[in-house]
Amino acid sequence: MKRLLFLVLLTACSSVPDPGDIILQTGTSGIDLKFLEGFSDEVVEGSSFYSSIEVRNEGFSDVTGGVLVPILEQDLMEIESWQLPDGFRLSGNSIFFDLEGKSLAYAKGERQVLGAVMKAREIGDARTKIDSRLAFQLCYAYKTVFSDTLCIDTDPANTRVAEKTCRAKDLTASSQGAPVAITRIEQRVIPTSEDTVLIDFTIRIKNKGKGLIVDPLSYGNICEARAVGDPDKSLLLTSLRFSNYEYSLGDPLSQPYEDEIECQKPRQVKDEYIIHCSITENNALPRSVLTFDTPIVVELLYGYQETISRRVAIVNSN
Amino acid sequence: MTIDPRKRLSDAYKGRLSEGRIKAFLKAPYDAFGGKAVYDNYRDRVDKRSQHPVRAAAIAPVAVAGSALGGMAGGGAGKVIDATFNRSGILLLLALLYNFLWEVRNPAVRFGGFDLAYFQNAILGQGFIGIYNMFHFNIFFLAVLFAWFNLRGGKPHILRVWLGMILVTYLLSSIPVLFTYLGTKNIFEFFILFFTAIYLSFYQTSMEDFIATIVVMWVFYNLYMFGAIDTLGSRIHFFFFILFYIFFCMGETFKADRVRIKYWLLLLILFDFFMPSFFASAFPGTTMANLPFLTFGFLIFAQVYQPSWLTSVLIIFFVAFYFVSFIRASTAFQDAINQNLVDEEQLQERRNVFKLSYWKSRYYEWMNKSIYYGSGQDYYTSQVDANAKKNLGVYLEDIGKNPLKYFSDQKITLSATLTAENFISDDDEFSFENITVDISCAAYKAGEKVVDGGIWPSGKLIIESYDVQNILCTFKEGELEEGKYEIRFRAKFNFATQAYLKRYFVSKERIGTLRKQRVISKDLDILKINDISDINPITKNSVGPVQIGVSERMPVVIKLDGSQDTKELFNVEMKNAWLGDIAQIKDIEFYLPEGASIDPGTCDLSMTESAVLDQEFYKGYRYFHLRENTASVLQNPKGMRQSCGLLFKVSQKDILLQPGDVTTRYFRMAVSYDYVLSDKHFINIADATT
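Just so you know, the sequences run in chain order A and B. Mapping of the first sequence onto numbering that gives the first Met the number 0: position 202 corresponds to residue 201, and the numbering continues sequentially without gaps. Mapping of the second sequence onto numbering that gives the first Met the number 0: position 197 corresponds to residue 196, and the numbering continues sequentially without gaps.
For the record, the hints were derived by calculation from the structure and aren't laboratory data. Hints may be right or wrong, so weigh each one.
As a list, the in silico EDC-like pairs of lysine to aspartate or glutamate whose alpha-carbon atoms are at most 20 Å apart [said to hold, decoys possible]:
(1) Lys388(B) to Glu41(A)
(2) Lys389(B) to Asp124(A)
(3) Lys558(B) to Asp229(A)
(4) Lys209(A) to Asp524(B)
(5) Lys527(B) to Glu41(A)
(6) Lys118(A) to Asp524(B)
(7) Lys33(A) to Asp613(B)
Under 7 Å between C-beta atoms, here's a sample of chain B residues computed to sit facing chain A [said to hold, decoys possible]:
(8) Glu508
(9) Thr512
(10) Val518
(11) Gln651
This one's a predicted model, so the numbers in the text were calculated from it and none came from an experiment. For each residue, glycine too, the CB sits at the ideal point set by N, CA and C.
Chain A on its own, in the form it takes in the complex (with noise of 0.2 Å):
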């Protein structure tokens, strides 16, 4: 009876998810990119074969003009035609696309299927059957957007007797739906004069995906072999807002690194990305302002490069 009792708590504890509960800005993935099942992985010299991916944005920010490229060893394969769906544009050999991240409409984010009809060459007449490799490149901007509440604490010395309202700490987090992740964001309160303090931030990022970061102006001709990109352009801090103090790149090409907050250029340290930011001396914090509360967000823009492959192997026809 007991037991019984036990269970049909248990069952009234359980509920379907509200909406609003749902929490979207999680995970490591960007855009996840997959084979589809079901083609075989032989096919005969000049025959054609159909193969079909997968595309999803499984993170928080949207993307727009994504570039896929195929890559086949071309003195094996060549692409036929392609089957691409409404939104994605095919041009030279790229396609171009837009995919919404995670929202309340769609849940796990957008997902599109693209197909190609490709062409296995001829071998030679030595072997009878040759292993190939097909692959895809995803290239794509993404913003990784962190947001938390922050304690400003501009008597870490204790020297006034107002009691605090909140303990100053550093900022920690796992993932904030974006294959770059913010991890760590640490505070320094520095004293400059007798009246005024400086806030200093150390914020700690890592690549948590399973692609390389790429120049975000120019993802789309790295993908293409057309360029290399700047890597000391390929994360950028775009905003960084708490209080009423901010800081924005707006331009990067422009007006890199000005307002109320200096920051310097990410620095990379073995596989951990920090950067340094500081309220300039001349917007520091006077001391006579109590420990407060504060929303803070970090915004970061970077290129992301995935790549896929699948073993193809071309059969001799005789």
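Take the given structure of chain A and dock chain B to it, following the hints.
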């Protein structure tokens, strides 16, 4: 006072020296061999012999001769060495001299064991009776029965022995069934039985010792019947073992160990006469077949019976040398067993042992590839494509199935099966060159050609795609006189080998960016981040007698510079992969992906560009091949190398680099050549009148 060591030895054996002086002599070998047991054993025996003038005198010359090697082992001339070591030392010295000096310098004394095809065919094809007769089991069983009959009561009675002898000779031989299987069939077998009777009458022996002796005699007899004294080389081996028998199996010296030593002798004979052919066939291309069997076998015996630092070092040396050689070889077992003589290449291998330059090159070869590059040498890699068509080429088979024995008054016909498979093109407008096979056969005696045989079908065989043809080689009646002959089949044909090599092209600037981002630490890492698992592609060949390899100097990831032309070395090796000979290299062809070309003037042998064939297979390639006047000079090469510089022009970069970080392209190569395949069969021509 200095005493002539030979005189001292001689004096010692003759018992002229005092006990004290003998003991003084004995201190040296004690130090040299470092073993009290050896010393004591030696002392006991020498002490006894020094009191036995006849036996001491008998072994004195042996001891003196052996002291040469003993001096080497003991570290000083004149040291008295154990008699056992003297005897084994002499034989070891003889074996070393024979294998490494005489045999190498005098091809007439080469001997590479018996050809096993004779035995293989007999065992596989002639049944129990054939084997029984071939190995002369009649005399073996007769002698064993004779011994058992006489030894069962302890020492045989002399009257019983000789009565038994008469019984066998006259009564047994007159009963047809027993004569067939148990009688003596010739004068030699009669002598074996006669020797058995003498042995039983005058020597004190045991059943075990006597059986071992019978087996040894039977093996000697068989060796003789198999032709062990037909050639100078085999004669030397044969008499070496007779010497072994005299040294170790006769007299009183090794009486206690005699049975074991006789079985050791059998093992050594088996090793020396039968293993060379086995290794040559089982591990073709390795130096296993080149093992100096006589030296090596005797070293093992010497190490067991009289271990010394010399035998240990020599064994370690031989084992290490041949083991490493074996590891390096890649070819697997083969079915055909038809090697016989030590060929010139194998002799060269032995000669090389004495050359410092050889060991130097071996050292470099065994070191890692970075030392290769550092020493300016290339390391060529290639393999037959696992997916290659298996039977391309020309094959001579079934020669070993021919009979082994013929008569001088009959027409002799041997057959073989020739299988040929050519490349087949899908393209109706294109066909590969037909294979033209020119077949011949000839009889050889003692390495010298005696007469050409007639071949059917006569003329050249033309094979367009695939053919299996029965080939007959005929010698007219009386053309081959009585004796042993080697019948060689020879097939000369034209063929081609195709190969391809996968390489990855990347932008040098892209590599630089990724390095700066610390995404990669070396060029090859770009393959991993692009989900490419084949990070060490090597040249893959079609099946054929000539294989193409490309130097590992050519990087797997070729970085194309956006600001200046890129150059890479393209060193290609054509090597003989079958057991035949390359008669002529007719052409070398390179198909380079568009965007790549041969740097003018960089090739060892001049190449020229021609229009690529209008076939889909060659779409996207440029075609380079040997100039006509160059191709004609490549006669009878053991193998050859062609080194060219590859040029990737900046202006062509976009042609090579496709979308994505990494572009995969294939370099295709082909070599066309004439090749000579040969196979042999040993036959015995008997006199028709006997």
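### Task
Could you grab the alpha-carbon distance between Lys33(A) and Asp613(B) and see if it respects the 20 Å cut-off?
Measuring from Cα to Cα gives roughly 37 Å; hence the hint is violated.
### Message
Given the hinted pair Lys388(B) and Glu41(A), is their Cα-Cα distance within 20 Å?
### Response
Holds. Lys388(B) to Glu41(A) sits at ~17 Å (cutoff 20 Å).
### Message
Holds or violated: the hint that Glu508(B) contacts chain A, with Cβ atoms closer than 7 Å.
### Response
This hint holds: Glu508(B) lies near chain A, its Cβ roughly 4 Å from the closest one there, short of 7 Å.
### Query
Measuring from the C-beta of Val518(B) to each C-beta in chain A, is the shortest one below 7 Å?
Status holds, d = 6 Å.
### Task
Given the hint that Lys527(B) pairs with Glu41(A), test it: the Cα-Cα distance must not exceed 20 Å.
violated (24 Å)
#### Entry: Restraint satisfaction for Gln651(B) [CB to CB of chain A, less than 7 Å]
Hint on Gln651(B): violated, closest Cβ of chain A at ~14 Å, above 7 Å.
### Restraint status (C-alpha distance of Lys118(A) to Asp524(B) at most 20 Å)
Judged against 20 Å, a Cα distance of about 30 Å means the pair is violated.
### Query
Going straight from one Cα to the other, do Lys558(B) and Asp229(A) come out at no more than 20 Å?
Distance ~18 Å between Lys558(B) and Asp229(A) Cα, so the pair holds.
### Query
Are Lys209(A) and Asp524(B) close enough, with their CA atoms no more than 20 Å apart?
Given pair Lys209(A), Asp524(B) holds - Cα atoms ~15 Å apart, limit 20 Å.
### chain A contact restraint for Thr512(B) - C-beta distance below 7 Å
Because about 5 Å separates Thr512(B) from the closest Cβ in chain A, which is inside the 7 Å limit, the hint holds.
#### Entry: Lys389(B) paired with Asp124(A) [C-alpha distance capped at 20 Å]
holds (12 Å)
This entry does not satisfy hints 5, 6, 7 and 11, going by the numbered hints stated previously.
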